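Could you build the full structure based on these sequences and the hints that come with them?
Going down the list, the protein sequences come from chains A and B. Counted from 1, the first sequence has number 18 at position 19 by numbering that gives the first Met the number 0; the numbering is strictly sequential. Counted from 1, the second sequence has number 35 at position 36 by numbering that gives the first Met the number 0; the numbering is strictly sequential.
One or more of the hints may lead you astray.
[What the hints assert, rightly or not] Short derived list, chain B residues pointing at chain A, Cβ under 10 Å:
(1) Q551
(2) L555
(3) N557
(4) Q651
(5) G653
(6) L654
(7) Q656
(8) N657
(9) W660
(10) G665
Treat the hints as calculated values from the structure; they're not laboratory data. Remember, predicted model here, so these are calculated numbers, not experimental data. All C-beta atoms, glycine included, are put in the ideal place defined by N, C-alpha and C.
Here are the chains, one letter per residue:
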Amino acid sequence: MIPTEYYIFLGSGLFTIGVIGVLTRRNVLIILMSIELILNAVNINLVALSQYFRSVDGQVFAIFVITDAAAEAAVGLGLIIALFRNKETVNADEIDLLKW
Amino acid sequence: MLNFIWLIPVFPLLGAAIQLLFGRRLSNQAVSTVSVGLPGLSFLWALGCFAQFLGLPESYHHVFLKPLYTWLPAGAFHLSNGSLGNLIVNVGMQLDPLSCVMVLVVTGVGFLIHVYSIGYMAHEGGYYRFFGYLNLFMFSMLVLVLADNYLMMFVGWEGVGLCSYLLIGFYFLRKSASDAGKKAFIVNRIGDAGFLLGVMLMVVTFGTLDFQHITEAARGGSFPVGSGVITTICILLFIGATGKSAQIPLYVWLPDAMEGPTPVSALIHAATMVTAGVYMVARSNALFSLSPTALALVAGIGAATAIFAASIGLVQNDIKRVLAYSTVSQLGYMFLACGVGAFTAGIFHLMTHAFFKALLFLGSGSVIHALSGEQDMRKMGALKSKIPTTCWTMVIAAAAISGLPPFAGFFSKDEILWQSFAGPYGHNKLLWTIGWITAGLTAFYMSRLIFMTFWGESHVPHDVEHHIHESPRPMLIPLVTLAVLSTVGGFIGWPKSLWGGEWFRKFLEPVFEGNPIVPPQGYGPGIEYFLMGLSVVTAIVGISVAYRMYVQRPELSNRVAAAAGAAYNLLLRKYYVDEIYDALFVHRVKNLGSVLAAFDLGVVDGGVNGVGWATRMSAELSRLWDTWIIDGLVNVLAFIVKLMSWPARILQTGLVQNYAWFITLGVLVFMFYYMLH
Numbered sequence: 000m001i002p003t004e005y006y007i008f009l010g011s012g013l014f015t016i017g018v019i020g021v022l023t024r025r026n027v028l029i030i031l032m033s034i035e036l037i038l039n040a041v042n043i044n045l046v047a048l049s050q051y052f053r054s055v056d057g058q059v060f061a062i063f064v065i066t067d068a069a070a071e072a073a074v075g076l077g078l079i080i081a082l083f084r085n086k087e088t089v090n091a092d093e094i095d096l097l098k099w
Numbered sequence: 000m001l002n003f004i005w006l007i008p009v010f011p012l013l014g015a016a017i018q019l020l021f022g023r024r025l026s027n028q029a030v031s032t033v034s035v036g037l038p039g040l041s042f043l044w045a046l047g048c049f050a051q052f053l054g055l056p057e058s059y060h061h062v063f064l065k066p067l068y069t070w071l072p073a074g075a076f077h078l079s080n081g082s083l084g085n086l087i088v089n090v091g092m093q094l095d096p097l098s099c100v101m102v103l104v105v106t107g108v109g110f111l112i113h114v115y116s117i118g119y120m121a122h123e124g125g126y127y128r129f130f131g132y133l134n135l136f137m138f139s140m141l142v143l144v145l146a147d148n149y150l151m152m153f154v155g156w157e158g159v160g161l162c163s164y165l166l167i168g169f170y171f172l173r174k175s176a177s178d179a180g181k182k183a184f185i186v187n188r189i190g191d192a193g194f195l196l197g198v199m200l201m202v203v204t205f206g207t208l209d210f211q212h213i214t215e216a217a218r219g220g221s222f223p224v225g226s227g228v229i230t231t232i233c234i235l236l237f238i239g240a241t242g243k244s245a246q247i248p249l250y251v252w253l254p255d256a257m258e259g260p261t262p263v264s265a266l267i268h269a270a271t272m273v274t275a276g277v278y279m280v281a282r283s284n285a286l287f288s289l290s291p292t293a294l295a296l297v298a299g300i301g302a303a304t305a306i307f308a309a310s311i312g313l314v315q316n317d318i319k320r321v322l323a324y325s326t327v328s329q330l331g332y333m334f335l336a337c338g339v340g341a342f343t344a345g346i347f348h349l350m351t352h353a354f355f356k357a358l359l360f361l362g363s364g365s366v367i368h369a370l371s372g373e374q375d376m377r378k379m380g381a382l383k384s385k386i387p388t389t390c391w392t393m394v395i396a397a398a399a400i401s402g403l404p405p406f407a408g409f410f411s412k413d414e415i416l417w418q419s420f421a422g423p424y425g426h427n428k429l430l431w432t433i434g435w436i437t438a439g440l441t442a443f444y445m446s447r448l449i450f451m452t453f454w455g456e457s458h459v460p461h462d463v464e465h466h467i468h469e470s471p472r473p474m475l476i477p478l479v480t481l482a483v484l485s486t487v488g489g490f491i492g493w494p495k496s497l498w499g500g501e502w503f504r505k506f507l508e509p510v511f512e513g514n515p516i517v518p519p520q521g522y523g524p525g526i527e528y529f530l531m532g533l534s535v536v537t538a539i540v541g542i543s544v545a546y547r548m549y550v551q552r553p554e555l556s557n558r559v560a561a562a563a564g565a566a567y568n569l570l571l572r573k574y575y576v577d578e579i580y581d582a583l584f585v586h587r588v589k590n591l592g593s594v595l596a597a598f599d600l601g602v603v604d605g606g607v608n609g610v611g612w613a614t615r616m617s618a619e620l621s622r623l624w625d626t627w628i629i630d631g632l633v634n635v636l637a638f639i640v641k642l643m644s645w646p647a648r649i650l651q652t653g654l655v656q657n658y659a660w661f662i663t664l665g666v667l668v669f670m671f672y673y674m675l676h
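Right under this line is the structure:
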């Protein structure tokens, strides 16, 4: 049986990759994908710790997160399309309408 | 017809309205049909009224009154004698023998002159405008003579003044014409002021303005002969008459009025309008008869004007100016007649003068027409055979004005001379002497005009000479008609001493009887025959002198002029009256105007501009205070806030990834903080 620490390390690694993607990539589509990475890192942690604590709560919660991720992806892609229609760009650093 | 007597002035008014509103779009044919036809209709209507008037029963006392409506119900007020008066002014018509004569003369002569104008004005611009004004003049003049009260008479009086102004300035592009129009208008205004003051004084004295009531009051005996207020009224009215009828000192406008078209000179400035003053004095005969002072003034001014203007007429070279001074002189005769109490003789002369002076003017117009606009008699001569009709009709008119029997002027002028010699107010023989000398002068200058124009050698330039032609038929018919009237027109006043019926005097008698009578000075018929013969001889002498000087020995006139030197120049320059008036009044008034204009520009406008400037300056100050102090304070506050908000502001980049960085870093900071503890 694989020790729980390994899952934690995998989760931490995925999370870090996701965060760095969100912070550094310019394409909003890539940023959306990085957010998916972060959510899935959380899912791995939830499932691993659920097995470690002998409780199904974590696994139930993971299913909620997956649902949430699907919804979030749908809304996010809609936003990106609306954005592209108005600004003809999907680069995050070109969108600064809320600047002071 | 009498009940519709108001149609007499309304016909020409209709014509004027048509011409002045639509005339521009009408053809010349239509214009002349309407504008000559309507005065003609008016003349026919006047004849009808006249015939009916003669048939009125005795109970009408020779006056037909037709009140139309109440114009000014002025209400009650106190008269100058303390009693209560109630002034009501009607618009109404009055037909009595005096206005009969005037209406027939105005419509008859006026109609003939309208016919003449068809030919004379045919090639002029503003054809419809000319006839519109002429019709308007007819209307005003008829209102003047048909009015039954002084105020309505004044309306007509002002109306004819306006038309006179418009028609003198008819060729308004010529500066001399528009100046002459203004001169006539302004000089007339001076007289009109006198008339108006007289009317006002009558209101407070009599409490009415109706001719009938005033005449009754004056003859009723409540005012003594020589009463001060009556004398004042008469003198004020006479001032009005001197303006309109061109007497000293207000005669200066009439010679200049010759700038207008010749039919206008004939109609307005010879036959009708200028006689309005005589008519007004005759109409006020009851008042004047109460004031020997005013009568003496009228007679004196009349006689002085007669000889003064005649002497100027001796040397003038412009054919129309000779006639203009002659008109002034003849009007002087009429006033002389009124002044010696012989109102009938004055009106008689007014009527005959309307015939022969209109004829003279129309004839001179025909001469001018033939010579393509030449008015200088020195450039005429020997026109007798070229324009015979014009020539012989003018000879008849000249004979009439010179007082040769049996032409019309003989009867009327002789009546005036006889009355000034023997009439009730013939105070001294000076008036008669002046009149007698003037008669000689008249014969001389009229013959001079005729001889210089029609006899002698031709001085017409060659390029004009072969254009000379007799005038068209519409111009000749009035000439011939007026020539007939100038010949037989005097017969209606054939004097008793020559076994005549004196029909004219008897006809007018109802208007003038009832005045306080000063018995005529008793002179026998012998002296009347003697004076009559004397004036005929004088006229013949005047004519023969002119014949000798201008036909037999033309060089003689220049020798006489050279010998008389200073006197000749004085006459030629019209006694320098225009220059004296310019220096005494015109320039003074102009200077006063300049001073007032300077005051207006400097003080009145300056004050307004100064207030404007002060307002602008205070607004500028207010603006500066607002921009620099009020706005400045607000801006400084805002600037401070802006400065202090700078560190916070730079955090808000608007880029979503920056915010994600802040969140991440914040989380990391907290994480390290708790891990280190």
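Hint check:
1. Q551: It is violated, given that the least Cβ distance between B:Q551 and chain A is near 119 Å, above 10 Å.
2. L555: violated, 116 Å
3. N557: Violated, because the Cβ-Cβ distance from B:N557 to chain A comes to roughly 110 Å (cut-off 10 Å).
4. Q651: Holds, about 4 Å.
5. G653: holds, 3 Å
6. L654: holds, 5 Å
7. Q656: holds, 5 Å
8. N657: B:N657 check passes; min Cβ-Cβ to chain A is 9 Å, inside 10 Å.
9. W660: Cβ of B:W660 sits 6 Å from chain A, so the hint holds.
10. G665: violated, 13 Å
Checked against the numbered hints given earlier, this structure breaks hints 1, 2, 3, 10; the rest are met.
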